[in-house]
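Following the hints, put chain Z in place on chain B, whose structure we already have.
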Amino acid sequence: MATKSSTAAARLMMAPAVTLLLGWMLVPLTMTLYFSFADYRPLRATFEPWIGFDNYARFTSSGSFWDAVTATLIMVGATLAITVILGILLALLLDKPIFGQGVVRILVIAPFFVMPTVSALVWKNMMMDPVNGVLSHVFRFLGLAPHDFLSQTPLLSIILIVSWQWLPFATLILLTAIQSLDGEQLEAAEMDGAPPLKRFWFIILPHLARAITIVILIQTIFLLGIFAEIFVTTQGSFGTRTLTYLVFQRVLESQNVGLGSAGGIIAVILANVIAIFLMRAVGKNLDA
Amino acid sequence: MRLTFALRAATALSVCAVGPAFADGHATTITIATVNNGDMIRMQGYTDDFTEQTGHQVEWVTLEENVLRQRVTTDITTNGGQFDIMTIGMYEAPIWGSNGWLVALDDLSAEYDVDDILPAMAGGLSHDGTLYAAPFYGESSMVMYRTDLMEAAGLDMPDAPTWEFVRDAAAAMTDRDAEQYGICLRGKAGWGEGGAFITAMANSFGARVFDEDWAPQLDSEEWATTVNFFKDMMDAYGPPGYATNGFNENLSLFQQGKCGMWIDATVAASFVTNPDDSQVADSVGFALAPDNGLGKRSNWLWAWALGIPAGTQNADAAKEFIEWATSKEYIEMVAENEGWANVPPGARQSLYDNPNYQDVPFAQMTLDSILSADPNAPTVDPVPYVGVQFAAIPEWAGIWTQVSQELSAAYAGQQTVEEALEKAQAIATEEMEAAGY
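Sequence order for the protein chains is B and Z.
Mapping to this note's numbering: the first sequence position 248 is 248, numbers consecutive.
Mapping to this note's numbering: the second sequence position 216 is 1216, numbers consecutive.
Below, a list of computed lysine to any residue pairs in the SDA-like style, where the Cα atoms sit at most 25 Å apart:
| id | chain 1 | residue 1 | chain 2 | residue 2 |
| --- | --- | --- | --- | --- |
| 1 | Z | Lys1258 | B | Ala145 |
| 2 | Z | Lys1258 | B | Val122 |
| 3 | Z | Lys1258 | B | Asn125 |
| 4 | Z | Lys1258 | B | Arg140 |
| 5 | B | Lys284 | B | Arg199 |
| 6 | Z | Lys1258 | B | Phe141 |
| 7 | Z | Lys1258 | B | Leu142 |
Which residues of chain Z face chain B? A partial, calculated answer using Cβ under 10 Å:
| id | residue |
| --- | --- |
| 8 | Thr1073 |
| 9 | Gly1187 |
| 10 | Gly1190 |
| 11 | Glu1193 |
| 12 | Lys1423 |
| 13 | Gly1436 |
To be clear, the hints were calculated from the coordinates, so they are not data collected in a lab.
Just so it is clear, CB atoms sit at the ideal spot from N, CA and C, and this is done for glycine as well.
This is chain Z alone, in the form it adopts within the complex:
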């Protein structure tokens, strides 16, 4: 009795307090779960602009990547309804879309210009041709190298190098006594860390994770070649302890000038060329991720995108927000206030057509990298899955985390590559059988 009264009083109070702010009646408050990277934090600073345009209030829940993934996954699977918009990746969007958990984004307004979204991005965020999440920011991976060291080694980095060339260049740039390592790559366990890198690399060696019948292919010749190539190169020319290095570890090694080459996310380009953080800012060059002449390169594709959970009451307001946040106008607003190097990259073709943006040194290589990855045909041989450095099935994270643990153990010399791949094949087979494939 008293509780109901208290509740009523509270409701009445909040209506009184908030009421005048929403004079136009249709205004609502939407709750957005998002990741704590620089671009997303920046967007929160512009929330007032959105509120001014539409009258809707926005509440942000900002989380670290792993925590975000757990929170939104729990919320969507249990129908929790905590959020009106969720920031999800290319891994989640097709899976959730096929489960019917996301509102289809098929009725966006004409001025939003949905066809301007890069096809690779739209493809990775769709299921059966329907877009389920709008990309806010996209990335691929590419080679970042030290122009001064390349010159000293008497080599010239082509725009599209092969793995052979990368290995030879790494050999030429390595000087272990001076703590100068030819190449830094991710060896850390985790499906989003070293696991993502080796999968993308395997694509260029003609390997695939599953065949058309979903049978794991980790015991294939191509996988053995890939992992052996990686391990031999890193043992000889990589930094010590590379088996525990992920994105952040390699970033700091590269910024300190200890790496000749680094193949990683295209967003890292703005970090390594920023003189405030990087000791090598003025001598960094960019090239496409290497290939083996088989038609597929070893770069991945990722996007952070905004999706609307199917159960929300505020789908219309949420759509308005998505149209605002992933629009051309938003990009222009950020560019005007903070410079072109700071706009969210990788989502729209119009950004790369903009002459102002073409002056940014890594813009063209980022676009070329993104365009050379195709989530719908990631491998040389045909595969049944969508995704470049992952397969968009619910079991992937579990399988690939364990597989990458076995691979990391092989990098650390605790087992041979063949043993690691044998265990990986057993893990994948067991999990896929349990999942009913």
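Chain B with its partners taken away, still in its complex shape:
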């Protein structure tokens, strides 16, 4: 039973934490917004606090902008598709009682603990390298010419690396969801003569819907910010420059803080648009 004074006391006690959180979130965002309207090029020792929307106009009108947006969408979309589909299959497999289940599960989850930079380096130098890589040895063993992944199919290569990293996450969430499914429902369906595919389609998949939407939502948030994998493998060349990478180039390589900040704000807006659509989709699923 909250009295007036206890509510006030609670607010007072929460105030420091809330202020800290707000500051944590708002200060960088406000500074980015402030810089995005400024002509701020540190190496030129230029700082002019207000130049209107020039930075925004320049960022969006440059040839690399739409390429970057497309690359980002393809990368996020393809990674989501791969991780969700394979994640469901893996979760189904891991759900079966097998010998050494605990160890297998840990092994499957392990890639998630490898830092992005490390995994990108390993994939680049030990797996995909056209001369020394494991994959090129496999190609040669099969009598084929080794495929040069990073320069011939760069976007696909990065999608593979990122999917490899995020597959364990999807598997983990989906596995727990499958485990929460009541086994008697499946048994009943089996006794009624429902074949395995139908059981999957009409019982397991609807049960997973919520978990899938959560996987999609969380992964999208993180995948929009992919950086290390691109930085280490292609340095943004061969059409793998995402919006995040473009912002990095503008701020740190071109040393144009204003232009980069404008790009950052645009990226925030785009991410929010995507998030709103996703939330709606999630909301629908949660109601159903």
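Leaving out everything else, chain Z in the frame of chain B:
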């Protein structure tokens, strides 16, 4: 209130703790930001010698090259004052010097012998004739080749080859079935990777990045010839996937014996001739980077140098450190303890006059390479910029990273060379206009 007390207590404590160590009063602690290459790490081991001589303490902040560049650039542009000495390259020194961000090194002591610094190095680290950073180590690029393969091909590498010869030699040494590639070069995107190589190469083809009015020249005939020559040669005689190969990738290919020739930094000579790492250590020869008979060779010039940010409180101590670290005595100390092959190369003429150093197999070729690069006149046609494989303007890193991305995409066959250069010209024009040229 409590915070001030805590601060006071802490200050008092640290004064008590450190006080006795600085009995002579003028001693200070200087903070140095540096890069994590072998020579710099080695220097940290000798810090005690400096402290013994001067009484100053040294704190090191050692960073990887890209991170270092970002940290020191941020610090100097925002007047952060974190460092008393910064390790910077030939790209930063003239730009920062002209902005007044560095303490001019015009009052170094007589025994330091500033005139002993190689003129090419001093030229690249100065602005308007004033030295702003002292070179600790310098490098150029040169041809490293396999003497056994050259002999097997019945060829003889001249000391100063032409590009034609290099291409023919590459053809003769290539055996794709045996994973033997005639030539390995950098194709990786990035202004310090493949971008640096192609710019230096273009110099020897008579190309230039900007004309005297700062108009980008990437749509010129010379650039098309350069890039086409590079791509045709690498497609035919280079390793697969060369479009993603940088220094480290090529080093490992060469050390495994998969390259006939490799044109890259002169420091690599000590790596490929080191039998612990290299399978081909006993059969490596050296030659100047190729030319086309136009008067400019295709080698670059780079130095890691020590500069003092203008805002520092400890400028005098910092100068003492720079005089110590880039002195002849430091070189002798390293040679005495670790051998002549391990001293920091490329900074001083006296090192190359030293008979002990002349016994090192790659010493002479390194010096000749450095001397044949002139950062103040890098191209056949006149240019308004300083720098061989770059133009020392703040916009360069941004422009050239994007340009080299387009070129790498062309190497990978995703677009033609002409398309890549057209895009490169558009990028450069846009950025230069935005920068107000």
